[in-house]
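> Residues per chain are reported as follows:
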Amino acid sequence: MNDLILELAEKFGAATDERSIDKCAIIAAEKLIETVSFLKETHAFDVLIDIVGVDYLGMENHKGKRFAAIYCLKSTKNTARLRLKIQVDENEKIPTLSRIYPIADWQEREVWDQFGIVFEGHHNLKRLLNHVEFEGHPLRKDYPAQKRQWLSENDQMLDQLENRLEHLGYKVI
Amino acid sequence: MQNGSPGFFAGKLDELVSWGRLHSLWPFPYGTACCAIEFMSTESARYDLSRIGSEFVRFTPRQADVLVVSGTITFKQAPILKRIYEQMMEPKWVISMGACACSGGFYDCYCTVPGIDRIIPVDIYIGGCPSRPEAFFDAMLELQEKIKNQSYIEERKKKLKEQWESIKEWGLSIRNWKK
Ligand code: SF4
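Sequence order for the protein chains is A and B. Going by the numbering used here, the first sequence opens with residue 9, and the numbers climb by one from there. Going by the numbering used here, the second sequence opens with residue 94, and the numbers climb by one from there.
Rather than coming from a laboratory, the hints here were simulated on the basis of the structure. Every residue, glycine too, gets a C-beta built ideally from N, C-alpha and C. If a hint is listed, it holds; no wrong ones were tucked in.
Far from chain B, some chain A residues (derived; all Cβ distances over 12 angstroms):
hint	residue
1	Ala76
2	Arg91
3	Ile108
4	Pro110
5	Tyr178
So the derived label-pair ranges between C-beta atoms look like this:
hint	chain 1	residue 1	chain 2	residue 2	range
6	A	Val180	B	Leu109	50 to 56 angstroms
7	A	Leu136	B	Leu253	46 to 52 angstroms
8	B	Lys239	A	Asp30	56 to 62 angstroms
9	B	Gly113	A	Ile181	44 to 50 angstroms
10	A	Leu65	B	Asp141	51 to 57 angstroms
11	A	Gly177	B	Arg155	34 to 40 angstroms
12	A	Arg156	B	Lys239	27 to 33 angstroms
Only chain B is shown next, with the shape it has when bound in the complex (with noise of 0.2 angstroms):
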């Protein structure tokens, strides 16, 4: 604990954690083009993607903890995706399938944004037009490689510091509205 390295409780914890999320990650499909046709046949029975957890397809965003993004994203649903990912809860990570999403594919005109991460952030990219559902799996396990490294006793630090900051900073305008 004192030079940085989780004890070993602590370190147990982390992976009892991650072990918990990397295995069961829900996808939000949000799909607005043919590339979601290929999501549609990762999801179904021949590709099958419950086999690594991604059992259920939400269809809220409070449910779900992967977005999807699979399609072309216009100008006039880029609020609406962006709203989406704002309702979801943390953890949450963004998938983005396909050239559309990823960069606007061939649509170089004046409705289509030019990659998704113009509006939120994103994790995995994955080419194709349409991405094969193999190159679908690829993606989620690498995303999987992701969240086993990430911490969750610091994930928890870093956001207990930042409310006791905001915490600070409340205090001290009370006591300067006292004065």
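Chain A on its own, in the form it takes in the complex (with noise of 0.2 angstroms):
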């Protein structure tokens, strides 16, 4: 597997991440559509576990940018698993992955949710979470964990609902 970091250094500049015990690759956000879109095709990986957001604010020794994105990806062909991390800071955004990885959607508004990074080009990206009302990413580390907020009103989920049958061949009237 360390073989595979080194094709995605050569190809597309990435770096491996010492803090990490096992398979991650440090890739910049410009080259993660290529990257996931050449892992996919010519590595089988088929299945994008999850997008964790991390934030690193006030953290030791930490150098670099405030939060990262990290990717784990999954091949049901060869049981190989690989993590890509993307480091960004608080007014960068990361190309959306969901016209590659549909379940990519979800992840990635529970990441801005959370934590407030932003994926450019998401058709539809809003809190999956935490309820319209929220005002904040509570997971950010100067979320202060006690501040809770009082919400008035039910939350509307039947415009997602609508869509999901919509995109299963009913007629929503």
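Both chains are sitting in their own frames, so use the hints and assemble them into the complex.
Here's what the structure looks like:
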């Protein structure tokens, strides 16, 4: 698997993540789409397991950008796993993967909801876990853990349900 | 009647009504987490809540008397809980079951309501994580004891007085408007 990271380094300028105990490559945000399509086509990484956000604010010995998004990829053909790490600052954006892996749609919404990392080109970037009236991004380190917010109305999920039904071929009246 | 104590008939009516109420407390299970499992076992054959008259678990707030909040209530859930409570008919009572519903439990964070008594009035609190069915029975018996001491006649008197006051206010406002 180290060969894979070397290959990525050659082709897309990836670096190995020293902090990580397993296979993890750091790549630049602009190279994400290329890298992932390459991995999906030639190395059969056909599952995007998760996208994880990280906030490094206040971490000891941390140099570099404040946030990171980590993409966990898996291949069901040869059981290989690989993680891609993208480092961003508060006002930087990451291109969306939802056209390559449809599941990335919701995963990116979750990361945006909790960390405020913006995914460029996402068609429906709105909150997934928190309420529509919620302000701020609760998993950021500078969000006070006990800051509670009163929410006044029920959240409507109907628009998404309708989209889903239409996607499955039903007609919503 | 004259000095505040109900007369013979009124007293008997009070007793009859509260007897009827306390032996037919139908719960509405508002189960959001693990405590609801314990409530289910209270309902089922081994503990059998219908022994004390809570025969049916009603899944509509219109037909239930006791709102049993069992489980963690998040802020996202809170408007729904409040709405369910407001939809219930009078008389209504609330049992808060488990540490989470009573105080937020160990979820000391941005998303959990620290006790449902911040949203709705609570009659009985049950501790425990989760509370055992025996504790739930204890709470039900305590609630029955509480209902026994509530006076139907007094309740009606208070309601009628309130209604009379509002009618009077309405009449006054009409008169002022005519002037
Ligand atoms: S009090 Fe304990 S058992 Fe009950 S809902 Fe909370 S965590 Fe679950």
